[in-house]
Amino acid sequence: MTLDADHLRYPNRRQGMDHDRYDWSMLAARAPIAWPGGAHVALWVNVAVQFFPLDQAGKPFPPPGGMSTPYPDLRHFTLRDYGNRVGIVRCLEALDAFGIRPTFAVNGAVAGRCPTLIERLVARGDEILASSWHMDTVHHGDMDAVAERELVDRTLTTLRERTGQPVEGWVSPAGSQSHRTPDILVEHGVRYMGDWINDELPYAFRTDAGEAGEIVALPLSLELDDQFLIGASLHSEWEYATQVKDACDYLVAEAAATGRGRLLALSVHPWLLGQPHRIGAFESVLEHLAATRGVWSASASEIVAAWRDQQD
Amino acid sequence: MRADLDLYRYRAWDERLPIRWPGGARLAFWVAPNIEFYELEPPANPARRAWPRPVPDVQGYATRDYGNRVGHMRMMDLLDRYGVRGSVSLSAAMCDHHPEIIELCASRGWEFFSHGIYNTRYAYGMDEAQERAMIEDSVDAIARHTGQRCAGYLAPALTHTERTLDLFAEAGGIYTCDLFHDDQPTPVRVRSGKPFVSVPYSLELNDTIAYVVNRIEPRRYGEMIRQAFDRLYREGEHGGTVMCVPLHAYQVAHPHRIRAFEEALAYVVGHENIWLATGREIAEHYIAHYHDLDTAPAGGIGDGDAGEGGTP
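Sequence order for the protein chains is A and B.
With numbering that gives the first Met the number 0, you'll find the first sequence wraps up at 311, consecutive numbering, no jumps.
With numbering that gives the first Met the number 0, you'll find the second sequence wraps up at 311, consecutive numbering, no jumps.
Note that these hints are calculated values from the structure, not bench results.
Remember, it's a predicted structure, so these values are computed and weren't measured experimentally.
We put the beta carbon where it would ideally sit given N, CA and C, even for glycine.
One thing to keep in mind: the hints can contain errors.
Among chain A residues calculated to face chain B with C-beta under 10 Å, some are [as the list claims (entries may be wrong)]:
hint, residue
1, R112
2, C113
3, G258
Far from chain A by the CB rule (all over 10 Å, computed), these chain B residues [stated by the list, open to error]:
hint, residue
4, M0
5, W12
6, D13
7, E14
8, L39
9, P45
10, H97
11, G124
12, A132
13, M133
14, L157
15, R188
16, S201
17, R218
18, R230
19, H237
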């Protein structure tokens, strides 16, 4: 057996990345970032407000947390819907009790399904960012450009109308993108996105719109995501809490030792952490974050703005 | 295909010539950071896809890129604090993409061994000339960039052919990390008849297996390391044992995981009578003192050479 010759050709074997979307850069070698008030760690709590359709296509793959038994999978449909009815209320109470500021990553379809929920989130004064139309509209490499553009447009138009906010942030369902997702996002006025999870600070990401079309990558940690740890990895809610607290303490200590601001990005799902047996663990996380000196609880766009102000 | 490649002879754990490590150490402890490059759009190997999702698999790619941007520096600082030198399992293309990382390792006196060109290029399906070219390319790149003549091999993404170890020995190598059959070095038969040895490189304690495959909690990972150490240290009274912790900065260096690893590392290096070695040092010591004894026809006890098909 012999492989095609291209398996031993390496056209992108060169200094830097194997693509031109962003520059190669080591976190430890960058100019220090200082957060407002001299904080060590910027805290982005990203609360997912999601709709998982019952008639999931699952193409090219089902979203994590999606339908998994034969149609009609009422079991998973309703477990996810629980988040928008019950879980979100518990999460909001917990966040407010400890003064932690959330940012909500909202599927466009939720605006029509739960209009009062959107009104409630907006009335809090918290930031809304877009998370595509619903959890089954996965952006992927084989996606048609016209279809993707329509999806982004529909999502942003709907959320901007319903919230009255500029809606300049984006997190894709399943963290998945096509080759052109960043280009389409910039065309539609998006200024930062969370899907590129390769860093612990914001960084500049190129699009086909050139210098004017730069978008900021604001990495939304997957490894600390509640669904990743509790849902997919089957860790207990208290093991989850321990890991988040360890991350917070480590980043605060590293920032204090190096004089370089750090980012703690927490992706949380009310359909998961808002369950009665888990909310206590989430509360203990929030209590720890609130009690830790040097943690700046901010909206995603505030963190992006603070970072951007320190770039050349 | 063959039922067994007859790479080594059978010897039960309690039927060995006792190994004595330098300084009378009971246990040789080595840490193998994998420093890897995964391509965004590699050619598709017919036997194995590089990414589970359609290209671009943003989540998979960015997860690995995190190691290069954030993780390695954090891991290096940690190993420095405990006086542990890394034996780097290196995607040779890292020399081209991120020479800064190579320099940081070299300045610490770390060893480099070959882990292929990219961790997204698999040996499956390569003919002999192709696999030899890939191996020689990796050895040459490491020599060119680091001045080190590469002694060890870990196949890229653990993808092998029946000839892999023969070819690496012919390229000048003396040890492999690809075999998991023992807690001591073992002579490995290669067709050239050169002295060649398997140095234990634990998959069980490999952080990627622990975190990505087995999805365990960070503190449990620390417990596993301590438990493995306790047993190998105790058994090392009777004959030197080897303990390896293979690492991937994109897993272990996350802020919620690194402290648990640090505690385990502090526990290990806090013991006396351990040899903080590199893979090459273990292989060279074994070859210099034990290899001939262990391969001599009448050499020792329990010669289990009579497997089906015998020796090639």
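Hints violated by the structure (listed by number, smallest first): 1, 2, 3, 8, 9, 10, 11, 12, 13, 17
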